[in-house]
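Convert by adding 5 to the 1-based position in the sequence shown; the result is the number in my numbering.
For the record, the hints were derived by calculation from the structure and aren't laboratory data. No false leads were mixed into what you were given.
Quick list of simulated restraints, FRET-style, between CB atoms:
#, residue 1, residue 2, range
1, 11, 34, 19 to 29 Å
2, 16, 40, 29 to 39 Å
3, 44, 7, 14 to 24 Å
4, 43, 17, 29 to 39 Å
5, 19, 45, 18 to 28 Å
6, 45, 13, 20 to 30 Å
7, 12, 41, 32 to 42 Å
Keep in mind it's a predicted model, so treat the numbers as computed, not measured. Using N, Cα and C, we set each Cβ at its ideal position, and we do this for glycine too.
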Amino acid sequence: WDLQAADQLPQSLRVFYAAVYNTTHQISYTVLKRHGRDIT
6 WDLQAADQLP
16 QSLRVFYAAV
26 YNTTHQISYT
36 VLKRHGRDIT
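With these hints in hand, go ahead and build the complete structure from the sequences.
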């Protein structure tokens, strides 16, 4: 994920992009912690 690319999006989409990024990161971390697998 390129967080720098979000700067080119309209403000409403930046919020959405950040939410999706954070959710995906949280899921990836949970999988890594529980199962020892890096899914990124």
